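Participant: Here is what each chain is made of, one letter per residue.
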Amino acid sequence: MNKVIRWPGLIAFVVIIGALAIIIRTFAGPIVKSGLEYGLTRANGAEVNIASVNIHWSPFSVSMEELQFTDPETPALNRVQAQRAHAELYFWDAVIGRIHIRDLEVSGIAMGVERRSPGRVRADYQSDSEPFDWRQTLADLEIEIPTVEGVLERSEIRTPGVIEQAQTNFEIQREKVDEARANLPEKEKLEGYRERVEAITEARPRTPEELLQLREDLRTLQRDMRTDRDAVRAFVAVSEEAVTVLRSDLEAVRSAPGQDIERVRSLLRFDNDSLSELSGVLFGPKVEQWSQYLLMAFDFIGPMLQRSDDEEVKPSRWEGRFIDFDRAQRPVFLIERAVTDIRLPDTHLSMDWANITWQHDRIGGTPSTFALAASESSWWQELALNGEFSMSDLRGFAGQQAWRIRGVNLVEQELFAQNDVVAKLLGAMLNSEGQVGVSAGELNGSGVISMRDVALDLDGDARWARILADVVGQINAFDMNLNVSGPMQAPGLSIRSDLDNQLQRLMTARLTAEADEQIARLRSDLEQRVSSATENLDPRLNAIVAGLAEGQSFEALLTDLLAVSPDDLRLGDQLRDRLRGSLRDRIGG
Amino acid sequence: MLSMLARLFKALNAETSPWALAWAFVLGMFMGLTPLFSLHNVIILFLALSLRINLSGFILAWLFFSGLAYLIDPLFDWIGESLLLAPALEPLWVSLYENPLARLFQYNHTITLGSFVFCLLITPIWAPVAYKLIVTYRSRVKAWFDRLRFVQVIKGTKFFAMYQKVSGLRGGSL
Numbered sequence: 001m002n003k004v005i006r007w008p009g010l011i012a013f014v015v016i017i018g019a020l021a022i023i024i025r026t027f028a029g030p031i032v033k034s035g036l037e038y039g040l041t042r043a044n045g046a047e048v049n050i051a052s053v054n055i056h057w058s059p060f061s062v063s064m065e066e067l068q069f070t071d072p073e074t075p076a077l078n079r080v081q082a083q084r085a086h087a088e089l090y091f092w093d094a095v096i097g098r099i100h101i102r103d104l105e106v107s108g109i110a111m112g113v114e115r116r117s118p119g120r121v122r123a124d125y126q127s128d129s130e131p132f133d134w135r136q137t138l139a140d141l142e143i144e145i146p147t148v149e150g151v152l153e154r155s156e157i158r159t160p161g162v163i164e165q166a167q168t169n170f171e172i173q174r175e176k177v178d179e180a181r182a183n184l185p186e187k188e189k190l191e192g193y194r195e196r197v198e199a200i201t202e203a204r205p206r207t208p209e210e211l212l213q214l215r216e217d218l219r220t221l222q223r224d225m226r227t228d229r230d231a232v233r234a235f236v237a238v239s240e241e242a243v244t245v246l247r248s249d250l251e252a253v254r255s256a257p258g259q260d261i262e263r264v265r266s267l268l269r270f271d272n273d274s275l276s277e278l279s280g281v282l283f284g285p286k287v288e289q290w291s292q293y294l295l296m297a298f299d300f301i302g303p304m305l306q307r308s309d310d311e312e313v314k315p316s317r318w319e320g321r322f323i324d325f326d327r328a329q330r331p332v333f334l335i336e337r338a339v340t341d342i343r344l345p346d347t348h349l350s351m352d353w354a355n356i357t358w359q360h361d362r363i364g365g366t367p368s369t370f371a372l373a374a375s376e377s378s379w380w381q382e383l384a385l386n387g388e389f390s391m392s393d394l395r396g397f398a399g400q401q402a403w404r405i406r407g408v409n410l411v412e413q414e415l416f417a418q419n420d421v422v423a424k425l426l427g428a429m430l431n432s433e434g435q436v437g438v439s440a441g442e443l444n445g446s447g448v449i450s451m452r453d454v455a456l457d458l459d460g461d462a463r464w465a466r467i468l469a470d471v472v473g474q475i476n477a478f479d480m481n482l483n484v485s486g487p488m489q490a491p492g493l494s495i496r497s498d499l500d501n502q503l504q505r506l507m508t509a510r511l512t513a514e515a516d517e518q519i520a521r522l523r524s525d526l527e528q529r530v531s532s533a534t535e536n537l538d539p540r541l542n543a544i545v546a547g548l549a550e551g552q553s554f555e556a557l558l559t560d561l562l563a564v565s566p567d568d569l570r571l572g573d574q575l576r577d578r579l580r581g582s583l584r585d586r587i588g589g
Numbered sequence: 001m002l003s004m005l006a007r008l009f010k011a012l013n014a015e016t017s018p019w020a021l022a023w024a025f026v027l028g029m030f031m032g033l034t035p036l037f038s039l040h041n042v043i044i045l046f047l048a049l050s051l052r053i054n055l056s057g058f059i060l061a062w063l064f065f066s067g068l069a070y071l072i073d074p075l076f077d078w079i080g081e082s083l084l085l086a087p088a089l090e091p092l093w094v095s096l097y098e099n100p101l102a103r104l105f106q107y108n109h110t111i112t113l114g115s116f117v118f119c120l121l122i123t124p125i126w127a128p129v130a131y132k133l134i135v136t137y138r139s140r141v142k143a144w145f146d147r148l149r150f151v152q153v154i155k156g157t158k159f160f161a162m163y164q165k166v167s168g169l170r171g172g173s174l
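Chains as they are written, first to last, in the UniProt record's numbering: chain U, 1 to 589; chain X, 1 to 174.
Same shape as in the complex, but just chain X:
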């Protein structure tokens, strides 16, 4: 985990594209908020592995949103049930029901549909927000952060040594 965090910090501090990190957070959110053993998560995993996004960011976002998902599953259940029971959408759901592929995606499961739709809706917000946060971190937070006293203390810790090992930058700034 320490190694993973170190890699994340390296990515935050290095020249990695902010969008690569932001999309990693988005895919991690999908993976974390929706039920893990779902067919769409295979596609998410495929995208995370085959596209040049930051894997550490993806994994950490996945872990973070997995924990969050336990708290808001009832919300997803409510969203999914509302959609599935909406009369206007019924013809769509009925036609999908006879489609084995759609059934494999478990579209008629309240939490699966609710969480997936929630992720789709939040992505246009979450992706720019993540991008902005990364850019802001690099330009402002990092300099302010380096000046903090406890950061100076941390520089003497094992974590910092690991970070340096990963980054390969002797004497690099935090």
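In isolation and in its complexed conformation, chain U is listed as follows:
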């Protein structure tokens, strides 16, 4: 035996292997800690810290304390952190790289918490999206607050011009009317026409010669009357045009001050496009923070998808490759049950998970599910969040999540603090519901956040800040429509809100109120000018109208007198009576 066995060598081997086993067992925690930190940092894209890892051998379990995942986009914050994680798993499966966790408990989960020192970001990290920068300053929005003086300068007050135009038009029309009036026949002349026509029609021709003479006299008289009637008609036409023009001008003069004031008010109306982004600036960071809680399930799922992608690396012939003979179709990674305890300010929530894996085909297509339901508390009336997801070779990644939150009491919190402007939400009641679907790793969904009993406060020295501060206090309720889209690991958010419209309306009212005194002065001045102008123009218009009426009566008389035809003259009483009756009917004589 001694010729074959080298005892010192055998003993040395046993000692070395034994020592290695003792070292591994003793330092398993730190070794696993280093390995986990390295692997998770690669998956996360930024530094991952674990305070300590403890291995329990029977039953085999791993406990981790104070896990911190640096947010690669904001290294000063943790994307997610947990106070403690405990996993019970199958040892031999873990040895061959198959992670099968029976029970996972993660407690003290929080998101967006500031780190003691900024975490390191991997040089090869690439952001999956370009999220909207909520943190731009309000000043960047270039909110332009119009001043009353500026508005008056560019508002082009038109009333004086309208008055001047009316006066000019009046002079022109008056000249035309006066010119036409000069050709009018005298009233006495028209009376003479009537008397002469009556005399002709009253006459009793006894002979045909007398009748012919009368007819000739009537024709001669009517020729004169037609000349005068044409002059009267011309006067009436000119007068009618003058009345129309002057009435229109006077109407324009009277309405001009109102139109000018309305124009000034419209220029004071606050319809700056920049206000359409104000709700995003004020509430964007908060909504982003809230959405992190709403979408936290996908923060857990994201690294798994990354892991499943990593398996597609093409092997090198110099390094070899592992060939998969997994015909038993057991998932490489499976968490049968997990309970995650999420820490919120002054309270916490518990979320239950089941069948977490990225190989759902290997567990009969059963989807991974997560659900959070909290009964009524002092913080909310109703809180429910649930969802499921599954990955398969045929269908790819599919999942959805829905949430419904009622009566969340929001306590005082800072919304915005930059450039000496501080905006605070003093309190509000939040309701929200929505749904997000996932397809091919891309999130797409929407939700509504309704804020009721809102109390807002804003403080700042700039003029726009002071005006905004005056109006935000009047905001009582508003809705924010939330759109979620983009990669699961870094979804992008956009907000549309009627808060912008409300602020716009209130700021306009505020500016208008500020301008009311000056607008009233302007209105008084304009109305005085109009009054002065109309005092002058109204009697003149009335005179033209009176002249027109007289002209129209002349025209009617002449028309009636010309209606008597010479051929109507007859011999004897029969003719006289008929003519008399006709004349009586027409001129009432």
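Hints in this document: simulated from the structure, not taken from any laboratory. This one's a predicted model, so the numbers in the text were calculated from it and none came from an experiment. Heads up, a few of these hints could be off.
Reference excerpt, derived from the structure (chain X facing chain U, CB under 10 Å, subset only) [claimed, not checked]: (1) Phe46; (2) Leu49; (3) Leu51; (4) Asp73; (5) Phe76; (6) Asp77; (7) Glu81; (8) Pro87; (9) Ser95; (10) Leu96; (11) Gln106; (12) Thr136; (13) Ser139; (14) Asp146.
Have a look at the derived ranges for each label pair, beta carbon to beta carbon [unchecked claim]: (15) Trp92/U x Pro91/X: 18 to 26 Å; (16) Phe46/X x Ser485/U: 54 to 62 Å; (17) Ile125/X x Trp7/U: 25 to 33 Å; (18) Lys158/X x Ser63/U: 52 to 60 Å; (19) Leu63/X x Val15/U: 23 to 31 Å.
Sample of chain X residues facing chain U (criterion: CB under 8 Å; computed from the structure) [as the list claims (entries may be wrong)]: (20) Leu45; (21) Ser50; (22) Arg52; (23) Leu71; (24) Ile72; (25) Gly80; (26) Ser82; (27) Ala86; (28) Ala88; (29) Trp93; (30) Val94; (31) Glu98; (32) Arg103; (33) Phe105; (34) Asn108; (35) Ile111.
For every residue, glycine included, the Cβ atom is placed at its ideal position computed from N, Cα and C.
Based on the hints, put chain X in the right spot on chain U.
Facilitator: Same frame as chain U, but now just chain X:
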């Protein structure tokens, strides 16, 4: 390294069994040609330490074959892949896949399996060849070698002094 070579030469020249040296070369070949951090190499190391084989020969063979392995890894990859993808062997591989111990041996890694199988196949050839070379060296090459002029020069070098120190044979032949 000089000391290691000196020890090897001592073993070649001394009464060490040629088979002890030959098996040292075989185990060194296993250690060198297969991926170092594999479970089977712990067993190889166990055999090398606990059996009376020549350790210097083992270490030098390991170093030599490690260098060689870098050149012929694609060959091992091809052998391993051919075996692992052979339909006839699939039931064996599938049954081993659920065995944690087999997985720890990384049997489903192309280069690990390919190099190990290559070593197993070459051992029946390499062991007798190594034995023959050692015997031939001792009977013929050594005498011829001693007569060479440059050997005479080497006898005056530091290496030779070290060799003598290791062998403990003052005035011994090379």
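Participant: With a cut-off of 8 Å, does the beta carbon of Arg52/X approach a beta carbon of chain U closely enough for the hint to hold?
Facilitator: holds (5 Å)
Participant: Was the hint right that Asp73/X lines chain U, CB cutoff 10 Å?
Facilitator: holds (5 Å)
Participant: Less than 8 Å between beta-carbons is the criterion; does Leu71/X satisfy it with respect to chain U?
Facilitator: Since chain U brings no Cβ nearer than about 10 Å to Leu71/X, farther than 8 Å, the hint is violated.
Participant: Answer holds if the nearest beta-carbon of chain U is closer than 10 Å to that of Ser139/X; otherwise answer violated.
Facilitator: violated (24 Å)
Participant: Against chain U, with CB atoms and a cut of 8 Å, does the hint on Ala88/X hold up?
Facilitator: violated (14 Å)
Participant: Regarding the hint that Ile111/X lies at the interface with chain U, is the smallest CB-CB distance below 8 Å?
Facilitator: holds (3 Å)
Participant: Mind checking the CB of Ser95/X against every CB in chain U and telling me if the closest is under 10 Å?
Facilitator: Cβ of Ser95/X sits 9 Å from chain U, so the hint holds.
Participant: With a cut-off of 8 Å, does the beta carbon of Leu45/X approach a beta carbon of chain U closely enough for the hint to hold?
Facilitator: holds (7 Å)
Participant: Check the following: the C-beta atoms of Lys158/X and Ser63/U are separated by a distance inside 52 to 60 Å.
Facilitator: holds (58 Å)
Participant: Hold the hint about Gln106/X up to the distance rule: shortest CB distance to chain U must be less than 10 Å.
Facilitator: Where the cut-off is 10 Å and the nearest Cβ of chain U is about 7 Å from Gln106/X, the hint holds.
Participant: In this structure, is the beta-carbon distance linking Leu63/X and Val15/U contained in 23 to 31 Å?
Facilitator: holds (24 Å)
Participant: Have a go at the Pro87/X hint: is there a Cβ in chain U nearer than 10 Å to its own Cβ?
Facilitator: violated (12 Å)
Violated hints, listed in ascending order, are 8, 12, 13, 14, 23, 24, 26, 27, 28, 33; each of the other numbered hints is respected by the structure.
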